[in-house]
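**Student:** Protein chains in written order, with numbering that gives the first Met the number 0: chain A, 0 to 210; chain B, 0 to 205.
Where hints are given, some of them may not hold.
No farther apart than 25 Å at their CA atoms in a straight line, the calculated lysine to any residue pairs in the SDA-like style are these [unchecked claim]:
hint : chain 1 : residue 1 : chain 2 : residue 2
1    : A       : Lys204    : B       : Ile187
2    : A       : Lys38     : B       : Ser200
3    : A       : Lys92     : B       : Asp79
4    : B       : Lys32     : A       : Cys194
5    : A       : Lys92     : B       : Tyr61
6    : A       : Lys204    : B       : Ala90
7    : B       : Lys177    : A       : Ala201
8    : B       : Lys64     : A       : Val87
9    : A       : Lys92     : B       : Ser200
Footprint (simulated), chain A over chain B, 3 or more residues, beta carbon under 8 Å [what the hints assert, rightly or not]:
hint : region
10   : 20 to 27
11   : 128 to 134
12   : 181 to 189
I should point out that these hints are in silico values taken from the structure, not numbers from a laboratory.
Even for Gly, the Cβ is constructed at its ideal location relative to N, Cα and C.
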Amino acid sequence: MSKLLSAKTKEVLLGPLNKNNPITVQVLGICSALAVTAKLEPALVMGISVTIIVALSNVIISLLRDTIPNRIRIIVQLVVVAALVTVVSEFLKAFAYDVSVQLSVYIGLIITNCILMGRLEAFAMSNRPWESFLDGIGNGIGYAWILVAVAFFRELLGSGTLFGIRVIPQALYDIGYVNNGLMMMPPMALILVACIIWIQRARNKELQEDN
Amino acid sequence: MENIANIFVKSIFVDNMIFAYFLGMCSYLAVSKNVKTSMGLGLAVVFVLGITLPVNYLLENYVLKEGALAWLSPSLATLDLSYLSFILFIAVIAAITQLVEMAVEKFSPSLYSSLGIFLPLIAVNCAIMGGSLFMQQRAFANIGEATSYALGSGVGWLLAIVGLAAIREKMEYSNVPKPLRGLGITFITVALMGIAFLAFSGLKIG
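Isolated chain B, as found in the complex:
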């Protein structure tokens, strides 16, 4: 239990998707112009990460990993399908995004209209694919750890995008040198936020 909480906190602050690994940068820069829409996108990311990562975890451990198919028949124990992981992970992500979109549209039209355009875009958000690939690399011990990693990374991403959007809203009133306006100053803002987040390195619970 302690381990799960530790993974959660660490993936929010220390291994933040944006500031430590630059994952999901494209939509991060494009959608962070105001707090409300960035909140919507952030929630969608938490949601989709929280579903796809455990599914990919099961896929990795019961189908793809070397010897993972041993539960089917002992003769498959030496089979290693990990070269298929890219294609399968992206297929799972694209399919689940589609499902989530349909489910949200059916059960919560108000949430759907606020997330609307962002949901299909999430399939190609690097943070989602990156989460699954990091899960594969870190070899979590059980599905609880994988889920807590997924939720933690999602919340970290949400925190980062809402923070940036708040700063950019205020920045509209400042006089930035012309060539730096727009993209340039946004990069520098993200870098300064990243340096601030470096202060969390080494954080640990218990």
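For reference, chain A alone in the conformation it holds in the complex:
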């Protein structure tokens, strides 16, 4: 264990979970993060898909990094990513059709998800496969936990369910509690992410911006 995870690789794996989070600090991959978070299930599936694709494409590009001519690297990266996304999309269509319908175009949009291009350019092009793999897993999980956190609150407050199972007791509805329909609207996802950013930056002063 100590050999596999030295201090540096540990930082590579765990950094993206908090101080180097892809969404709240690096500002990558916001598009899909916000759109799939109305319910917990698609958010989780999206998080897992992105984690797998980032990790695998990081490894592939890292293995190829010495053979890719610098001028056409963007195209090569796009093709590798597009191939992996096609595999994941066909897999979801075959084994989890309902979720793939809910995710609609956003699975395809993983191709243009900035997390992928960002990590491939910034990390995989200059590091060995094992570190790139850990970097991919770390960034994927850092992305996934924000998605799940936002989806948790949106589904709980917006429709009173978690994973489609009712958690708010009927007695509460009987005395006049109502679901907050606004939580299901797209703008609330932005506000929830802003709250996460607020909490995170209040605790980590070095992340605060000047204006």
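Fit chain B to the known structure of chain A by using the hints.
**Tutor:** Relative to the frame of chain A, chain B by itself:
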């Protein structure tokens, strides 16, 4: 004709790329610090969407869709190539962005220098890829509708980024809580703009 106008207006206000689908958020947040550059990026997006989406529409309907190759020979009528659509769409977008960049550089150096750095970035802008994927999903009846959808979405994106940039320019003078400065307050501003745009839902012409 009425349908085309309807699609145009709807894709600007109701199905706005930013406020309804969050497409192209990354560059939207990164480049909206001042009105002038955001105008340049917005125009580039309108331009590239307006070209790539009709091309991908033709590709979808004459090559990729199930039975789309029937015009080549009747034996191909059962072929379904739609699993290739991601790779082909992104290839078309990357190639056309490159072409547009070269054409603009040759014919209008002044436009090129103002768009310059943004043009290559557009290849990985989710709004462009998203436009093509939505086109595939909605199955527009003809290329006119697809083009009007493309231009409408582009103009909607332009409107959103210029609006946000204008607000952020003014916001430099306000006293925002420290942890919210920068990214946090920008998210909240976009959310408030999004809520305002919700008022357009149900808008229809004719």
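**Student:** Next, verify each hint and record whether it holds.
**Tutor:** Each hint tested on the structure:
Distance hint between Lys204 of chain A and Ile187 of chain B is fulfilled; the C-alpha atoms sit about 20 Å from each other, no more than 25 Å. Between Lys38 of chain A and Ser200 of chain B the CA atoms are separated by roughly 22 Å; this keeps the pair inside 25 Å, and the hint holds. Pair hint Lys92 of chain A plus Asp79 of chain B holds up; C-alpha atoms about 15 Å apart against a cutoff of 25 Å. With a C-alpha separation of about 21 Å, the suggested pair Lys32 of chain B and Cys194 of chain A falls inside the 25 Å cut-off, and the hint holds.
As the CA atoms of Lys92 of chain A and Tyr61 of chain B are separated by approximately 24 Å, the hinted pair is consistent with the 25 Å bound. For the hint pairing Lys204 of chain A with Ala90 of chain B, the CA-to-CA distance comes to about 42 Å; that exceeds 25 Å, so the pair is violated. Note on Lys177 of chain B and Ala201 of chain A: the hinted pairing holds, with a Cα-Cα distance of about 8 Å set against a maximum of 25 Å. Taking the CA atoms of Lys64 of chain B and Val87 of chain A, the gap is about 20 Å. The hint holds against a cut of 25 Å.
For the hint linking Lys92 of chain A to Ser200 of chain B, the alpha-carbon distance of about 31 Å lies beyond 25 Å, and the restraint is violated. Only when three residues or more bring their CB closer than 8 Å to a CB of chain A does the claim for the region 20 to 27 of chain B stand; here the count is 6, and the claim holds. Under a criterion of three residues with beta carbons nearer than 8 Å to beta carbons of chain A, the stated coverage of the region 128 to 134 of chain B is upheld, 4 such residues being counted. Using a Cβ-Cβ cut-off of 8 Å, 7 residues of the region 181 to 189 of chain B lie near chain A, which meets the minimum of three, so the contact claim holds.
Of the numbered hints given earlier, the model fails hints 6, 9; all others are met.
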